[in-house]
Amino acid sequence: MGIDLSVQIGSLQLKNPIMTASGTFGYGEEFSPFVDCADLGAIVVKGISVTPRPGNPPPRIVETEAGMLNAIGLQNGGIERFIDSKIPMLRELDATVIVNILGDSVEDYAELARRLEPLPEVAGIEVNISCPNVKKGGVAFGTVPEMAARVTRAVKDHSSKTVIVKLSPNVTDITVIARAVAEAGADAVSLINTLIGMAIDVDSRRPKLANVIGGLSGPAIKPVALRMVYQVAQAVNIPVIGIGGITSLNDVLEFLIAGACAVQIGTANFINPAVSSELVLGLEQYLTTHQCSLADLIGSVRV
Amino acid sequence: MGIDLSVQIGSLQLKNPIMTASGTFGYGEEFSPFVDCADLGAIVVKGISVTPRPGNPPPRIVETEAGMLNAIGLQNGGIERFIDSKIPMLRELDATVIVNILGDSVEDYAELARRLEPLPEVAGIEVNISCPNVKKGGVAFGTVPEMAARVTRAVKDHSSKTVIVKLSPNVTDITVIARAVAEAGADAVSLINTLIGMAIDVDSRRPKLANVIGGLSGPAIKPVALRMVYQVAQAVNIPVIGIGGITSLNDVLEFLIAGACAVQIGTANFINPAVSSELVLGLEQYLTTHQCSLADLIGSVRV
Amino acid sequence: MVVVQCVEQGVVQRNSQVNQDSLAMVILSPRIAAMARPGQFVMVACSKTGQSPLLRRPLSIHAVDGDCLTLLYRVVGQGTELLANMNVNNSLSILGPLGMGFAIAERKHHCLVGGGIGIAPLLFLARAIRRAQPDSQITLLAGARSDLELLVIEKFQPGVEVLIATDDGSEGHHGFVTELLAEITGDVEVYTCGPTPMMKGVAAIARKHSWGCQVSLESHMACGMGACLGCAVERSGVHEGADKYVHVCKDGPVFKAGEIWA
Amino acid sequence: MVVVQCVEQGVVQRNSQVNQDSLAMVILSPRIAAMARPGQFVMVACSKTGQSPLLRRPLSIHAVDGDCLTLLYRVVGQGTELLANMNVNNSLSILGPLGMGFAIAERKHHCLVGGGIGIAPLLFLARAIRRAQPDSQITLLAGARSDLELLVIEKFQPGVEVLIATDDGSEGHHGFVTELLAEITGDVEVYTCGPTPMMKGVAAIARKHSWGCQVSLESHMACGMGACLGCAVERSGVHEGADKYVHVCKDGPVFKAGEIWA
Ligand SMILES: Cc1cc2nc3c(=O)[nH]c(=O)nc-3n(C[C@H](O)[C@H](O)[C@H](O)COP(=O)(O)OP(=O)(O)OC[C@H]3O[C@@H](n4cnc5c(N)ncnc54)[C@H](O)[C@@H]3O)c2cc1C
Ligand SMILES: Cc1cc2nc3c(=O)[nH]c(=O)nc-3n(C[C@H](O)[C@H](O)[C@H](O)COP(=O)(O)OP(=O)(O)OC[C@H]3O[C@@H](n4cnc5c(N)ncnc54)[C@H](O)[C@@H]3O)c2cc1C
Ligand SMILES: Cc1cc2nc3c(=O)[nH]c(=O)nc-3n(C[C@H](O)[C@H](O)[C@H](O)COP(=O)(O)O)c2cc1C
Ligand SMILES: Cc1cc2nc3c(=O)[nH]c(=O)nc-3n(C[C@H](O)[C@H](O)[C@H](O)COP(=O)(O)O)c2cc1C
Ligand code: FES
Ligand code: FES
Numbered sequence: 001m002g003i004d005l006s007v008q009i010g011s012l013q014l015k016n017p018i019m020t021a022s023g024t025f026g027y028g029e030e031f032s033p034f035v036d037c038a039d040l041g042a043i044v045v046k047g048i049s050v051t052p053r054p055g056n057p058p059p060r061i062v063e064t065e066a067g068m069l070n071a072i073g074l075q076n077g078g079i080e081r082f083i084d085s086k087i088p089m090l091r092e093l094d095a096t097v098i099v100n101i102l103g104d105s106v107e108d109y110a111e112l113a114r115r116l117e118p119l120p121e122v123a124g125i126e127v128n129i130s131c132p133n134v135k136k137g138g139v140a141f142g143t144v145p146e147m148a149a150r151v152t153r154a155v156k157d158h159s160s161k162t163v164i165v166k167l168s169p170n171v172t173d174i175t176v177i178a179r180a181v182a183e184a185g186a187d188a189v190s191l192i193n194t195l196i197g198m199a200i201d202v203d204s205r206r207p208k209l210a211n212v213i214g215g216l217s218g219p220a221i222k223p224v225a226l227r228m229v230y231q232v233a234q235a236v237n238i239p240v241i242g243i244g245g246i247t248s249l250n251d252v253l254e255f256l257i258a259g260a261c262a263v264q265i266g267t268a269n270f271i272n273p274a275v276s277s278e279l280v281l282g283l284e285q286y287l288t289t290h291q292c293s294l295a296d297l298i299g300s301v302r303v
Numbered sequence: 001m002g003i004d005l006s007v008q009i010g011s012l013q014l015k016n017p018i019m020t021a022s023g024t025f026g027y028g029e030e031f032s033p034f035v036d037c038a039d040l041g042a043i044v045v046k047g048i049s050v051t052p053r054p055g056n057p058p059p060r061i062v063e064t065e066a067g068m069l070n071a072i073g074l075q076n077g078g079i080e081r082f083i084d085s086k087i088p089m090l091r092e093l094d095a096t097v098i099v100n101i102l103g104d105s106v107e108d109y110a111e112l113a114r115r116l117e118p119l120p121e122v123a124g125i126e127v128n129i130s131c132p133n134v135k136k137g138g139v140a141f142g143t144v145p146e147m148a149a150r151v152t153r154a155v156k157d158h159s160s161k162t163v164i165v166k167l168s169p170n171v172t173d174i175t176v177i178a179r180a181v182a183e184a185g186a187d188a189v190s191l192i193n194t195l196i197g198m199a200i201d202v203d204s205r206r207p208k209l210a211n212v213i214g215g216l217s218g219p220a221i222k223p224v225a226l227r228m229v230y231q232v233a234q235a236v237n238i239p240v241i242g243i244g245g246i247t248s249l250n251d252v253l254e255f256l257i258a259g260a261c262a263v264q265i266g267t268a269n270f271i272n273p274a275v276s277s278e279l280v281l282g283l284e285q286y287l288t289t290h291q292c293s294l295a296d297l298i299g300s301v302r303v
Numbered sequence: 001m002v003v004v005q006c007v008e009q010g011v012v013q014r015n016s017q018v019n020q021d022s023l024a025m026v027i028l029s030p031r032i033a034a035m036a037r038p039g040q041f042v043m044v045a046c047s048k049t050g051q052s053p054l055l056r057r058p059l060s061i062h063a064v065d066g067d068c069l070t071l072l073y074r075v076v077g078q079g080t081e082l083l084a085n086m087n088v089n090n091s092l093s094i095l096g097p098l099g100m101g102f103a104i105a106e107r108k109h110h111c112l113v114g115g116g117i118g119i120a121p122l123l124f125l126a127r128a129i130r131r132a133q134p135d136s137q138i139t140l141l142a143g144a145r146s147d148l149e150l151l152v153i154e155k156f157q158p159g160v161e162v163l164i165a166t167d168d169g170s171e172g173h174h175g176f177v178t179e180l181l182a183e184i185t186g187d188v189e190v191y192t193c194g195p196t197p198m199m200k201g202v203a204a205i206a207r208k209h210s211w212g213c214q215v216s217l218e219s220h221m222a223c224g225m226g227a228c229l230g231c232a233v234e235r236s237g238v239h240e241g242a243d244k245y246v247h248v249c250k251d252g253p254v255f256k257a258g259e260i261w262a
Numbered sequence: 001m002v003v004v005q006c007v008e009q010g011v012v013q014r015n016s017q018v019n020q021d022s023l024a025m026v027i028l029s030p031r032i033a034a035m036a037r038p039g040q041f042v043m044v045a046c047s048k049t050g051q052s053p054l055l056r057r058p059l060s061i062h063a064v065d066g067d068c069l070t071l072l073y074r075v076v077g078q079g080t081e082l083l084a085n086m087n088v089n090n091s092l093s094i095l096g097p098l099g100m101g102f103a104i105a106e107r108k109h110h111c112l113v114g115g116g117i118g119i120a121p122l123l124f125l126a127r128a129i130r131r132a133q134p135d136s137q138i139t140l141l142a143g144a145r146s147d148l149e150l151l152v153i154e155k156f157q158p159g160v161e162v163l164i165a166t167d168d169g170s171e172g173h174h175g176f177v178t179e180l181l182a183e184i185t186g187d188v189e190v191y192t193c194g195p196t197p198m199m200k201g202v203a204a205i206a207r208k209h210s211w212g213c214q215v216s217l218e219s220h221m222a223c224g225m226g227a228c229l230g231c232a233v234e235r236s237g238v239h240e241g242a243d244k245y246v247h248v249c250k251d252g253p254v255f256k257a258g259e260i261w262a
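Protein chains in written order, with our numbering: chain E, 1 to 303; chain X, 1 to 303; chain L, 1 to 262; chain C, 1 to 262.
Note that these hints are calculated values from the structure, not bench results. Keep in mind that a hint or two might mislead.
Each computed DSBU-like pair below joins lysine-lysine, with the alpha-carbon atoms no more than 35 Å apart [as the list claims (entries may be wrong)]:
no., chain 1, residue 1, chain 2, residue 2
1, E, Lys-136, L, Lys-244
2, L, Lys-256, L, Lys-244
3, E, Lys-136, X, Lys-136
4, X, Lys-15, C, Lys-155
5, L, Lys-48, C, Lys-244
6, X, Lys-15, C, Lys-200
7, C, Lys-155, X, Lys-135
8, C, Lys-250, C, Lys-155
9, L, Lys-250, E, Lys-15
Now the stretches of chain L that chain E is said to cover, found in silico as 3 or more residues with beta-carbon under 8 Å [what the hints assert, rightly or not]:
no., region
10, 5-19
11, 23-34
12, 215-224
13, 241-248
Reference listing, derived: stretches of chain C covered by chain X, where coverage requires no fewer than 3 residues with Cβ under 8 Å from a Cβ of chain X [claimed, not checked]:
no., region
14, 14-26
15, 101-107
16, 167-181
17, 236-247
Even glycine gets a Cβ: it sits at the ideal position worked out from N, Cα and C.
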C-alpha cells in the first residue's frame, strides 16, 4: 500500500495536497497532453464572474526577474457559459474541480455560489476577494476585514460546498483578513494571490502592461508567500493552502512545513506543463524515503 | 560642459540622482577601493539608533530567487560611536552623507535628529519608519499614518536638514502613509524598504534565518517597488526617491520615468561593488545620447 | 482538429549565423518534428528550467527535415542570446508543436510575404504547398532593411519564385515589400508574417483584390497553450464579453486577416 | 593593515575534478594573485552578473602560482555547480582578496588541521610558512570520511609531514582527525579549517596545551567586505551592543580560537 497523501479541506477530501492555481491551468483540458487531472489533489479553474468579461487590452503579460506580471483582467465567459460548455468537459476529466469566483459586489458572489450549488462536478468554491468592490468605490474586498467577511458569509449562505477564501497579499496584516474570513465561516483560506507590480518600457516611456499595473507571480514572490502562510497558519484554525512561486518539491515541502496543508502550483505550469503531477510523485517519494507522514510534515517548522 | 545631473531634494542639491541604500553600503569606506563616494549623488549610511544594538543572531542572510532575505536586526554602534568614529572618516570621503535613523519611540527619533543637527558632515536624514514602535506594542511606525506623521514631525522639529522619510512596502496603501508624512513636513520620501519574507530549511525544518522572518531585497522586488513609486509620485508633491532591485541603467531609467527624482542602489552593490558609480556614468551617457534632460525624464511615463 | 503537443528534450545539431543578428538552429526533436504543421510554433526553454529567464520563448517552426526542426531566430534579448550561445549536442526543452498553422488554400497562386525575421514560418509553408499542390505557383516576396538582412531565401529555390525588396535598395526593389504585390494577379492566397504595419498593408491589398489572406501574429506569451489568456489580440468588429479577444497561441498564431483587421 | 581589493575578470586555465564532488580551478587573475595572503578568500560570480544565482560565492584561496589563483571547491549547490561546468578560457568575475588571513606565528612547529574541503586554505598557508620560516616544522593533519575524499594532499609534499585520518579507516588513522593531535607536542601553532565541531575539538586541545590556535570560519555572505553585516558570528565572552558579533568577511575569516569559543 502506498503512502497516504490525502488531506481534508472542509468537507472535501483531496487525494493529495497538490492543486493547480486559478488562471494558470485554464480549465484543465489545456494540460491534458501533460497531466492526468484525476491524479491531482484538485484543479482550480480560471475565475468566473456572473456576466462575461472581455479582460484587459494587450499587452497583458510581461516577464520580470524570476517572475511575471499579468493583467489578464479576469477574462471569462461568465457563469452561464461555464456551466454550459465547461462543466461537461470537466465531468470527463474526472478531476476534483474547485471553481474560483469573483464579483463586483457581495450579491455577485452570492449569485455565483447559488448557481454552482446544484452542480455535482464542482467540489468546492474558491472565493477571489482581490477584486475591487464596485459599489464601495473600488476598494478591494480583500483589504478590508469586514468586507472580506461579508463576501465569505454570502457565499457560505448559498453553498453547501467547501468554501476556500483566497487572500490578497497586498495588505498590512494578512492575519487580520484571515481571521475575519475564518470567523465568517470560511472552510479554508488560500494564499497568496499576486503582489501588485509594474514595469515600464524605457524607449516608449509607457507601462509594459496596457493596464499599467499587474499581478506579480512566480519564484520572485515565494519568500513573501511563505512568510504569510506561516503567519496565517498560526492565526487561524482552518486549513491553509499555500500559493506563490512554487516550482520544486523543495518549495512544496517548505510550504507544508510552514503550516500549509495543501499547495497550489501557478506560474510553474507555464514553464513545465507536467510539473503538478511530477510534484505529486515527488512528494510521495519524499515521504516514503523519509518514512514520514503528511501530518508529520504539515506545520512542523521549529522556530 | 557636461550634462546637468543635479537634483534638488528639499534644501539639498545632489550632484546626481544616484544614491546608495542604507545598510548596503556600510559607511562608504568599505567601498573606497571601488567607488569614489564624492562622485555619487549621496550615500545613505547604515541605520543608527540612540543606543548601540547588537543585531540579530546568525544566520542573518539567505539567498532567494533573484533576491535575498536579511535579518541584520539593525546592528549599529549607536549615535555616540557614530559621531566619534564614523564622522571623521565621512568627512574625509567628501561625500554627500545622509544618515538613516531608527528608533523604538518618537522620542528616539527626535533625539537622533537633535544629535545630528550640529554636524556639518551630515547633509540629510533618512527616517526609517519600518521599525516596530515598542511603546505601541510593536506595530511598525510605517504602517499607521498617524504614527508615521508623528515621527516625521518630531524629526523635522529637531532638524534643519533635509528630512527624507523611508516608507515600508508592507502596507495596504502606501499612498496613505506617503501623504501623511508629506503633510507632516517631510522634504521627501524614499521607497521601498524590504518586503517581509521567509525561507525554511527543509532538512532541519527550521527557518533559514535565526530571526524567522527577514527583509526581501533585490531584483525580485523591483516590479513592486516601481509600482509603489509610481503611485506615490502621483499622490504627493514632494520628491520621491526610488529604491528596490535597481541593478542596471534600464532600472534607473524606469524609476525616473515612473516619477522618482533620484534612486538608491541596494543589493546590487554586493554583486558589483562599483555599480553605483557606473550608473552615474551610464545615466550621463544616456542623457547625452538621447539629448534629453533629467527633468524631461522624471515622471515622463505616459499611461 | 485535435492538437497534440509534448515537451521534448531536443538536441542541438547545428546553430549557425545566417546574418549579423540571426541564427538557424537545427534540433533533433523527433516527436515534435513528426507532429508539426506549417505555421505552428514551439516554446523553447532558453535556460535550464527554473533559471533566468523564467518563461519559454515562442519561435516558429522554420523547417522540418526528418527528425529535426529548424528554428530561425533573431537575437533580441536575454532568451535569444542564450540560444545563440548554445553548442552542438547541448540539449534544450521544447514544448510543441503549438497553435493553428496556415491552412493551405485551394488556389492557383500562393503568395508568401515575409518581412525580416517574419520569413521564418514561410519556408516550412512553401515546402508543404509544393508537396500538396505541385502544380500551383508559389511566389515569395521577401522584404528587408538591406541585403545584409535577407535571410535564407536561397532555401526556397527551386520551385518558388523569389522577389526581393529592400528599404535601401541594396538588393531587389528599392522600397516596401508590399509594393511588390502590384505585380501579382489572379487567383491568389496570401500568407504573411512580419511587422504589423507590413501585414496590415498586405491585408488591405489582399482585401481589395478579394484574395484570401492569412496573417501570422506575435504576442507576449506565458503558457503557449491557451491556459493563461496572456496572448490576447483584439478581434475586428464588435464582440461582447469574453469574445472580444482571440488568443494568438491557441486560436492562432495564423488568422484570417479579416478576423483581426476590419 | 591596509586591505586592498579589486574586482577582476579572471580567465579559467584549468578546472579539473580532484575527487567525486570537488574540483580545482586555476584562474588567471594577476591583480588578485599579487595581493593575496594565506587565509584570505575571494567572492566569485558563478553566473553572469544579474543572473541566477544572484550573490557571489565565497571561496578560499587554495594556492597562488605566479599570476594564477587556484580555488579548491566542493560542488554543493547551484553556484558551485555552475563553476564546475566552466571551461578553459571562460571568464568569471572575482572580487578579492578579502578578509584577514592567517597570521604566521613565530613557532617551532606549525600544525595545520583540515577537515574535508577545509583543507582548501591550508596549502597556500603551508607554502607561506615554508617560505617565511624554512626551518620550522610543518605538519598537516588531514581528515576525511573516506580515502576517496582525501584531497590534494600530495601537493603539500615535500616539506610538510602529512598525517591522515578517515572516518572509515580506508586510509591512515581510523577515527577523527582531532585524535591525531595526541601525537603533537612542543611549541605549536595550530591553524584549522573544517566543520565547526572539528574546529571546536581542535581548539579545546590547543587550549589545553596552551598552543596558539587560529580557526577559519564560514558564514553566509552577501557583500564579503564588511558592508552588509550579514556574516556575523557571536564572540566568546559577554559583549554589549554592536560588539556582540564579529564579521567573518572582514574581521576574519581567520580568528584566534579564543575570540570565538570561550
Ligand atoms: C508565435 C510566435 C512565433 C515567433 N517566431 C519567431 C521566429 O521564428 N523567429 C524569431 O526570431 N522570433 C520569433 N518570435 C518572436 C520571439 O518570440 C521573440 O523575439 C523572443 O521571445 C524574444 O526573447 P528574448 O528573451 O530574446 O527577448 P526579450 O526582449 O528579453 O524578451 C522579454 C520577453 O518579451 C517576450 N517577447 C519579446 N519580443 C517578443 C515578440 N516579438 N513576440 C512575442 N514575445 C516577445 C519574450 O518572449 C519574453 O517573455 C515569435 C513570436 C511568436 C509569438
Ligand atoms: C570565507 C569562506 C571560504 C570558503 N572557502 C571554500 C572553499 O575554499 N571551498 C569550498 O568548497 N567551499 C568554501 N566555502 C563554502 C562555500 O562558500 C559554499 O560551499 C558555497 O557558497 C556554496 O554555494 P552553492 O551555490 O554551491 O550552494 P547553495 O547551497 O545553493 O548556496 C546557497 C547560498 O548559501 C551560501 N552557502 C552555502 N553553503 C555555504 C557555506 N558553507 N558557507 C558560506 N555560505 C554558504 C551560498 O553562498 C549561497 O548564498 C567557503 C565559505 C566561506 C564563508
Ligand atoms: C496569468 C495568471 C492568471 C491568474 N488568474 C487568476 C484568477 O483568475 N483568479 C485568481 O484567484 N488568481 C489568479 N491568478 C493568481 C494565481 O492563481 C496565483 O495566486 C498566483 O499566480 C501566485 O502563484 P504562482 O507564483 O505560483 O503563480 C492568476 C495568475 C496568473 C499568473
Ligand atoms: C543587508 C541589508 C541591510 C539593510 N539595512 C537597512 C537599514 O539599516 N535601514 C534601512 O532603512 N534600510 C535597510 N535596508 C534596506 C535597503 O536600504 C533597501 O531599502 C532595500 O534593500 C531595497 O533595495 P534593493 O532591492 O536595491 O536592495 C537593508 C537592506 C539590506 C539588503
Ligand atoms: S500564451 Fe497563454 S493563453 Fe496564449
Ligand atoms: S558578508 Fe557583508 S559584512 Fe560580511
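Violations among the numbered hints: 4, 5, 6, 7, 11, 14, 15 and 16
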